[in-house]
Every structure is written in structure tokens, then in C-alpha cells.
Amino acid sequence: MKELLTGNEAVARGAWEAGCHVAAAYPGTPSTEILENLARYEDVYCEWSPNEKVALEVAAGASMAGARSLCAMKHVGLNVAADPFFTMAYIGVNGGFVVVDADDPGLHSSQNEQDNRWYALHAKVPMLEPTDSQECLDFTKAAFALSEKFDTPVLLRLTTRICHSKGAVETGERTELPVKDYVRNPSKNAMLPAAARVRHALAEERLLELQEYNETSPFNLLVPGEGSLGVIATGVGYQHAREALGDRASYLKIGMTWPLPLKLMADFASSVETLWVVEENDPFVESGLRALGISCSGKDRLPLVGELSPAILAKAILGEEEMSGKKTGIPVPDRPPLLCAGCPHRGLFYALSEKKDLVVMGDIGCYGLGSLPPLNVGESTICMGAGFSAAIGFQKADERAGRTRKVFGLLGDSTFFHSGITGLIDAVVNKSKAAFVIMDNRITAMTGQQENPGTGRTLGGEDTAALNIGRICAACGVREENIHTVDPYDLAASRKAVQAVIETPDTAVILTTRPCALLRDVREERAGMVCVVDTEKCVLCLSCLKPGCPAITKAEGRIVIDSKACNACGLCLQLCPTGAISKEAAGHE
Amino acid sequence: MQYVIVGIGGQGILFTSKVLGKIALDRGAEAIGSEVHGMAQRGGSVVSHFKIGDYQSPLVQAGEADVLLAFDQGEGIRNLHFLRDGGSLVVNIHDEKAFENPNLLEYLKKRGIKVHSVKGYDLLREHMGGNFLFLNVLLAGAMCASGVTDLAFDEVAAAVKELSPAKFEDANRKVLQLGYEAH
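In the order they appear, the protein sequences are chains B and H. Using the working numbering, read the first sequence as starting at 1 and increasing by one per residue. Using the working numbering, read the second sequence as starting at 1 and increasing by one per residue.
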């Protein structure tokens, strides 16, 4: 039967059909829905791990014990998980082991645009790249078999446009496989130098076998066309090329992009007069082709930055101009992502924004949006956990330079568990004078509300231990009197906490406790609540607009609160000098 | 048939491509589309592409969409370049003045773009107690009535029913009818 599935849904389905036993991930756009969908099948143990390294190691251990296992992460997650990934390439597998990686060309929701295909080359593991949802299912299934056949982890590389595009998929049923026997084998599994030297040589031999296999593997497809133009394409670039060029070109679609099928590519090149390589981001396939001494057009004519599209290819390859669709030129206000109305981050951000002489090192999450106007709180966004660790270094540099301002590191609950704790330990042990803010909104919010170690629920929805962040901070050595727990809806309390940590030279923590405004329970609890403006009392001082809440605007000479958006967090009310704003229960008309 | 569906994060626009996809598959047609998650949840602009027929790329190119379905008039105006000449804009409007802009009128006229507007917020305030989460179903009804697609009312109603929780069945039917008659 055919179903319309996103790439992520199809990967989950493929893993289930392949008999996958264990799966682990840390949420990250565009990969998040893979585990969310896989968790709906009871036959597969699924978990949110605290970070990608843990996820990969959980899957690695399961594979070693004989289970078919999968881990999934966004591209930058594989940086976090790179350590076990490289060594698992030496160890190989017992049960099939698939690492799903989702890159983000175009940076829809990421801090960089790295091309993770280099990881396959670097770690010496085979890589599959589907071009649509059907291949997401088929390649995922095949990846488990490939992994077992060649005793290697397999990298399944997706991109945002593959993860989040939908297409009709022919689904099948699950093949139930027993978990394989485990036989103790330290020379394969314990990578002490003597054993690792041997395993490295085997990994090199395996690559040669994989390359030979890939010359005739089912993942690549030759599509003859009418003209003398040839296109070697990967990923969604293949679909864009087919649509832009149609039968005017012949195609070599490469679905297994490491090790490259060099002979297949060379044969195809010699069968056409003009050769293009179509791939997003880096010239990965193109480099392989050029190393063979074959000339082609590729990144000399196509962008290294951003996504491809049929229009970009038509223009570059055929010289066709764009279609009639020109922009109107009529100004429409931009809608950048911003902190929601009632977002609990806003109160503490506002308290920080009132202080002139401080620096806030930010992190990955909704609170990254605090660096945008009008709050302008946050100097930096590097990676998960860097909000804390970079603050330590920034403060040390400030101190050396004689700058006395307070340095803050700021991150969220899920980021704290992911890689903030190690930074906090560093701060305490090395006597950092910085302050560390954990905006605990009781959920992994930016990626769409996933559970984390603080929420008390597993991916499967079971109750579990809810880790207490304040007690973790204390256990890391932050003194109790320097841990300030505040409700960020309370502006006075937020200001007081900011002032307190500014005044102490010790390592200090501010922990906020208000849950995300989008949580179902919170929305239900506050459904009837709204703030209203008494225009008689309002003096149009505009203080209420300073925190940048999207629910409150000045229109036609008065302050207006959008009752659809407002949840009566009351921040604007606390800023009003004339008491013109009050809370009331909203009535539907 | 190529659709671009635009709006603001949280308006439920992904539901519309699910409805279109269900109808296409039931008809035995090919369907492909693309959407963006993630940051779009934070009140940002959302663009969803959906193509029914013999296509390979999940993206609709500028100047190729047959229908632009806009949950928000600003997002509709911003994305008009997706429409082909002679294409149709089906739009939820809250401020008619925006459509009196002479430059906009000239653009629409020059490109032969037809505009089908619905005052979605007013209708939902009046008939659904201000529950704006029904906007997607309302606009599906309006699009159906506008005649810019070959979708039949019953076909859309059946797809909406199947893709929604049973408890919304009556309300969805009412809203779909409301959108259909509003056109």
C-alpha cells in the first residue's frame, strides 16, 4: 500500500521494517521526527538520549550485543558523536548499525552548513544518500543489511529537503529478527592500540571491498537521455535536475556516495560530451571525479552556499532565465522567528537587558532569539554547551584586560543536560567569576517539545526520574547561597537575581522555573487569561513594548493587546508606570 | 497542479497539504511536496510546497504555482512571485486596505492573477467562538468553492474527516461549509 510520507517518517518505517531493535537520538531539526515516528512502533526500544554522543554509543552497544540498532542526529550532532563514530568504524558491528545524519543546507534551523559527507570519507564508513521518501525507506532497510554484510557502521545521510519533503511510499511489513548471539571478542571490540592497529588495516581493506561492491550496487542508477549532456547527481539535487533538464540530459544518480563508484562514474563521463555534477554544499562527488582526471562543471558554476533548486540548475546548465514570477516589490513586514507571547524566557532577558555593563554568552535553543532586537541579550551562539564554557574563557580574558563587567553564560534545560554540566564543573573547579543562567522551561522547546532528563517522562511517554537542575548545580560545587531560583514571570525577582549574581565574585547560577508557554498543560491552564489596556490610564510611554512581546503593539495611537496571543504572563503589566494594564479572564465573543 | 501554501507558524498549514495529499493518493495520482519545520514554529513565515502530477522536485519554482493559498494576507503578498501568470490567490484577509494598494493591483492585473478572499477571522469569531485553529479547514472550503482547483466539496470533506480526530467531525463539517459558502 502507498502512503504519503516525509523522508523522516520513511526512515522510521524502513528501520521498523528492517527489524531494528534499539534506536536512540537527541532531537535536532531536521532529524527530530525520525525517532518520534519510530517510537510509535512497540517492537523497537526508542530513547531520547541526553546528547548525540550518548545516542550513538547506546546504538553501538546494542549493535555489539547483537541487536539491529540506529541512532539519528542533525549534522552538528555528529560532531558531538564523532568520537565513538570513528572508533566504531574500526570495531564494526554484530547487529546492523545505522547512523542517520541530517544535514541542513540553507541553514533553515542550524548554526552552520557543514557537509557531513566528509565524515564518511574521514571515518572510512560507507554512506547512502536517498533522493526521495521511497528511497529513505528502501535505503534504511538496505543499510542494516549492508552493515552486517561488510561488518561496518553505515552512514545514512539526509538533508532538510529530504527529511521534510513528502512523497508516495510503498510500505512493507516488519521482518522480525532475533538479537544475534554475543561472543566475547576483545581483539575486535576493545580498541587498545595493539588491537586497533589490526582493525585499522581491516577497515582499509573493507573500503576497497565496498568500492568494488558499489560499482554495481543497487543504490546507483543510470538514466539515459537524448542529448550529449550528462549529469552526475546526488540527494535532492537529482530530483531538481530531473525536473529542470528532463530528457535533455542523461543521469547517473549516485545513492551510495562513499566509497564512490569510480569506474561507474568514469564510464558515464566518457559516454557524454558535457558533464555536470549536481550536489548541494561541498564538491564531494566532484572531488572524486576530478581526482580521476575527469573534467566537469560543478561548484565552479553552482553555489557552495544554500540549497539548490530546479531554477538554479536551469539557469546554470541551460542558461534559461527565471520564469515570470517576479517579486511584487511591495513591502511586507518580515516575520523572523521570535520569542512567543508569554514566553518565560522574556522576563529574565528583560532584566538582563536593563543592565548596561554585562556580556551574555548564548547557546542553542529558543533563547538564542533573545539576541535579536529589542532585547539584544546575547553576544554569541556557537554550539550546545558553549554558552557556559565560552563564558568562562571570556571572563578570564576580560579579567586579564582589566575589564570588570559581569560575564554571563546562558542556556536551557535540555542544553544543560546535553553539555552544560561539564562547563559548570569547569567553572566551579577553576573559580570562574562568571554567572550561569539555566532557563529551565521544562521541555526541549525549539525542536518541538521533546522530553529531556528534567521532564520526568521518556520518549515513549512513561514516567521516569526527573533530574533536579538546582541539585545538580549544587552537586557540581556551586554554593547554595549562589543558586538563585526565580519565576521569570516575576520581574522584581528576576531583577533581584541578576543583581545578586553581579555582586558576587563566586561562581553563581540563576535557574528559572517557568514552563514553556506552548506546553499543552500551560495553554489549557492559561487559556482564559489575558491582559487588557485601560486607554484612559495609558499615557503612551511605550514601556510595555520594550520586551518585544508579539502580542502587544501600538496601533492607531493606542496600545493594543492581541487577546488571541496573550497568555497574561504579566510582564508588560509590571512595566506600566500608571497601572493601565490589568489581567482578566478572556471571554469569547 | 502546483500549490504553494503560506502562513505563520502555528496556523496549522501543514494540515492542508495532508488533505491535498490524501485526495491525490485516493485518486491514484502522484504527489510530492516540501515543508519546513523548526524555527518556523516561533511565529515565523511558513511556506509549504505541494505538487500533484508528474513532478520530480518537491519544490515549486517562482512563476509556476497554479494556486497560492495564504493563511495570512501579508504572507500571501510576500509570496505572489510563486504564482504563474493567470494563477489564483486564495487568501484569508483581515485588512482590506492592503488590497487597495495601487502597485499591488497593477501587479495582479499585469500578471492576470485572480484573487479569492475570505475574511476568515471574522467568520470564525462569528460562528466558531473565535477558535482560529479551524482556519485551515475554512480555507480548504473556500479554495474548493473558488473553482481554482478540481477538488469536489465531498472529496475534501471526506479527507478532512479521515485526517482529523473524531471529536472534531461535526465542527469541521460546519467550518468547511462556512468556507465554501463564504466564497
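Don't take every hint at face value.
Take a look, some chain B residues computed to stay more than 10 Å from chain H by CB distance [said to hold, decoys possible]:
1) 180
2) 186
3) 201
4) 332
5) 515
6) 519
Where chain B lies over chain H, by a calculated footprint (3+ residues, C-beta under 8 Å) [claimed, not checked]:
7) 76-82
8) 95-109
9) 151-162
Lysine-lysine pairs mimicking DSS-like chemistry, simulated, CA-CA at most 27 Å apart [to be verified]:
10) B:327 to H:119
11) H:161 to B:2
12) B:326 to H:97
I should point out that these hints are in silico values taken from the structure, not numbers from a laboratory. Given the structure is predicted, the values throughout are model-derived calculations rather than measurements. Beta carbons: idealized from backbone N, C-alpha and C, even for Gly.
Earlier hints that do not hold, by number: Failing hints, ascending: 4, 9.
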